[in-house]
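Undergrad: The lines below spell out each chain.
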Amino acid sequence: MGKRLLEVEDLSVTFRTDRGIVRAVDSVSLHVDEGETLAIVGESGSGKSVTALSILGLIGDADSGRIERGRISFEGQDLIQQNDAVLRRIRGNRIAMIFQEPMSSLNPVLTIGKQVAEPIRLHQGASRAEAYEQAAELLKKVAIPDAAERLNDFPHQFSGGMRQRVMIAMALACRPKLIIADEPTTALDVTVQAQILSLLKELTREANSALILITHDLGVVARYADRVTVMYAGRIVETASARELYANPRHPYTQGLMESIPGLATEVGARLITIEGQPPDLANLPRGCAFSPRCKYSQDVCLQKPPTLETISQDHERACYGYE
Amino acid sequence: MQAYIIRRLLALLPTLILVSLIVFFCQRLIPGDVIDLMLSQNDLATDQDRAVIEAALGFDQPMYIQYFSWIGDVVQGDLGDSLWQNTPVTQQLAETMPITFELGLLALIVALTVAIPIGIYSAVRQDTAGDYIARSFSLLMLAIPGFWLGTLVMVFPSVWWRWSPELEYVPFFEDPLQNLSLMIVPAILLGLSMSAVTMRMTRTMMLEVMRQDYVRTARAKGLSEVAVILRHALRNGLIPVVTLIGLQVPLLIGGAVIMERIFVVPGMGLLLLEAISQRDYPVVSGVFVVVGFGVLLINLAVDLSYGWLDPKVRHQ
Ligand SMILES: Nc1ncnc2c1ncn2[C@@H]1O[C@H](COP(=O)(O)OP(=O)(O)OP(=O)(O)O)[C@@H](O)[C@H]1O
Ligand SMILES: [Mg+2]
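So the protein lines, in turn, are chains Y and S. Numbered per the numbering used here, the first sequence spans residues 1 to 324. Numbered per the numbering used here, the second sequence spans residues 325 to 640.
Don't read these hints as lab results, they were simulated from the structure. The model shown is predicted, which means the values in this text are computed figures rather than measured ones. Think of the CB as a built atom: it goes at the ideal place given N, C-alpha and C, for glycine as much as any other residue. Treat the hints with care, as some may be off.
Stated by the list, open to error - Label-pair distances were calculated between CB atoms; the ranges are:
{"hint": "1", "chain 1": "S", "residue 1": "Arg535", "chain 2": "Y", "residue 2": "Arg4", "range": "33 to 41 Å"}
{"hint": "2", "chain 1": "S", "residue 1": "His639", "chain 2": "Y", "residue 2": "Gln255", "range": "45 to 53 Å"}
{"hint": "3", "chain 1": "Y", "residue 1": "Val190", "chain 2": "S", "residue 2": "Arg535", "range": "26 to 34 Å"}
What the hints assert, rightly or not - One-sided and incomplete, this derived list gives chain S residues near chain Y with beta-carbon spacing under 10 Å:
{"hint": "4", "residue": "Arg535"}
{"hint": "5", "residue": "Gln536"}
{"hint": "6", "residue": "Tyr538"}
{"hint": "7", "residue": "Val539"}
{"hint": "8", "residue": "Lys545"}
{"hint": "9", "residue": "Glu549"}
{"hint": "10", "residue": "Ala551"}
{"hint": "11", "residue": "Arg555"}
{"hint": "12", "residue": "Ala557"}
{"hint": "13", "residue": "Arg559"}
{"hint": "14", "residue": "Asn560"}
{"hint": "15", "residue": "Asp634"}
The whole structure should be built from the sequences, with the hints applied where relevant.
TA: Next up, the structure:
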């Protein structure tokens, strides 16, 4: 593996809501090396998107969010300390993001060409003509038929899968070192999901970019990720290399996830079947381990305070008081 | 596109016919008629005099015949003659319409230059002091009737500083500055009252649009906040605002009538008020026909502008 590219340490993010302060991300630490693919897995509301947006410095712009504490170091600089001008030079340029909703993530009144060319013009100072030429190349790369002719089309003239290809083209535009794909295929037909993921994987490898792949889908993880981080209620419960995690899941929640997938690792598109019990309510978390109400191994110690992430073997960490 | 426009124009016909009916018959319901007025002004009072005038003006015919003969002329572009001045109504309109149009246009410019930037500001700085001030200002503008504000502007500065607004009308092309110095005060008053609703709408729409996923995408590209707002959010936010502006045009015309009266601007509004008080039916009808037609055309233009603003509509 390559050099350390991104290092998130002890990140906590809170939101002001009607029901009080909610800590959507709590003491999260993770890292990504150059060229590697890290998957972040967890059920809805576990804080995956908030983690991703924090890395881009997009928390607090249009919401009530606040980074409470933590350090996000990317290529050696701490992003949390940087002012907005510095962050803007990184966004879309060194770190690009692909969002979950291809239908609404493209601007409906601007042409595809304009939208794909925009980061090229912005970050590389390319002229309009150059940027459009590169945009056409990028669209060809993501296998959009008649790419050059479609530059003047608008998003509504593309299907969901095609729009997600456009989003990928846009993310690749400035050859970023890190691409964050936030559930890039959840909104798509099962048949196109695999195509899009393969394309994404192939192109990131080709550009030697690292990838953070956020997903609900453990099947996807087995195929595309080098390492996996599992989140529950804003915290990381387990991190391991993909192979290790499948062979030897050590957190009861991860085990539950594994068991609920039929034909593990073969079936792309198999979705999480929720584990027995209610998903946690962030505004009203138990004092101890957030998973304890659903955990069959729960003991007294689990109700006192949340367990911290501890290394249990090389490349394998979990946050659990242990049940062996 | 051309076929579409022609179809839309044809669809205006029923509305126009309805307008002409309402205008023609309603004004005859105003108590007191023009013959009485004419007789009293000329000290004539015999039944014979009345019959002569009635016959001369065609008022001895049944109403529906009068309507058909009038509408027949209107279709040919002849709106009849003023009952008092004997000049063609079309000529009077040609003199007054550009003035009202200028007033309306100036008011619209004032309204938009006030409403859109403040609306954007108010949305971007939601719930800050600036937002509250902007919103209070717009509430105030909604609540204060234009005629009251107009009267204040006429009265108080002249009492306090012996300054009063220009009242001598000069055509724009004769002396633009002199012309604007008369028009600007009523245009600002009219524009401000129109800006209230437009500002609120701009604010609401911008708040809505700024939450959209594509705005987040724009931020994730590394665009500055100004570029995000102006390039990505504003055009989406303005689509409904344009409709609202179209809907406000009749209000604008209504407001212009009052402002013309207060500031003695010799436009269509003043012409209309005078014509009503003199029961000058052809002039009243003429003004309404032109205004009705104008409003319908503007609304058509607004609909067509969607195609330009919203590519989804363009491709349908
Ligand atoms: N803008 C916001 N305002 C208030 N609370 C928020 C906001 N965004 C996120 N949250 C809170 O953070 C929690 C985690 O949200 P996040 O979007 O990160 O979940 P996720 O893991 O991405 O889920 P999903 O799989 O549904 O996308 C949410 O349950 C919510 O309570
Ligand atoms: Mg999410």
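Undergrad: If a hint holds in the structure, say so; if it does not, say that too.
TA: Quick rundown of the hints versus the structure:
1. Arg535(S) with Arg4(Y): 33 to 41 Å: holds (35 Å)
2. His639(S) with Gln255(Y): 45 to 53 Å: Holds - the Cβ-Cβ distance for His639(S) and Gln255(Y), about 51 Å, lies within 45 to 53 Å.
3. Val190(Y) with Arg535(S): 26 to 34 Å: The hinted range 26 to 34 Å holds for Val190(Y) and Arg535(S), with Cβ atoms some 29 Å apart.
4. Arg535: It holds, given that the least Cβ distance between Arg535(S) and chain Y is near 7 Å, below 10 Å.
5. Gln536: holds (6 Å)
6. Tyr538: Status holds, d = 4 Å.
7. Val539: With a closest approach of 7 Å, the Val539(S) hint holds.
8. Lys545: Nearest chain Y Cβ about 4 Å off; hint holds.
9. Glu549: holds (8 Å)
10. Ala551: With a closest approach of 8 Å, the Ala551(S) hint holds.
11. Arg555: Result: holds, 8 Å to nearest chain Y Cβ.
12. Ala557: holds (9 Å)
13. Arg559: holds (5 Å)
14. Asn560: Given a least distance of 6 Å, the restraint on Asn560(S) holds.
15. Asp634: holds (7 Å)
Going through the hint list in order, the structure satisfies each hint without exception.
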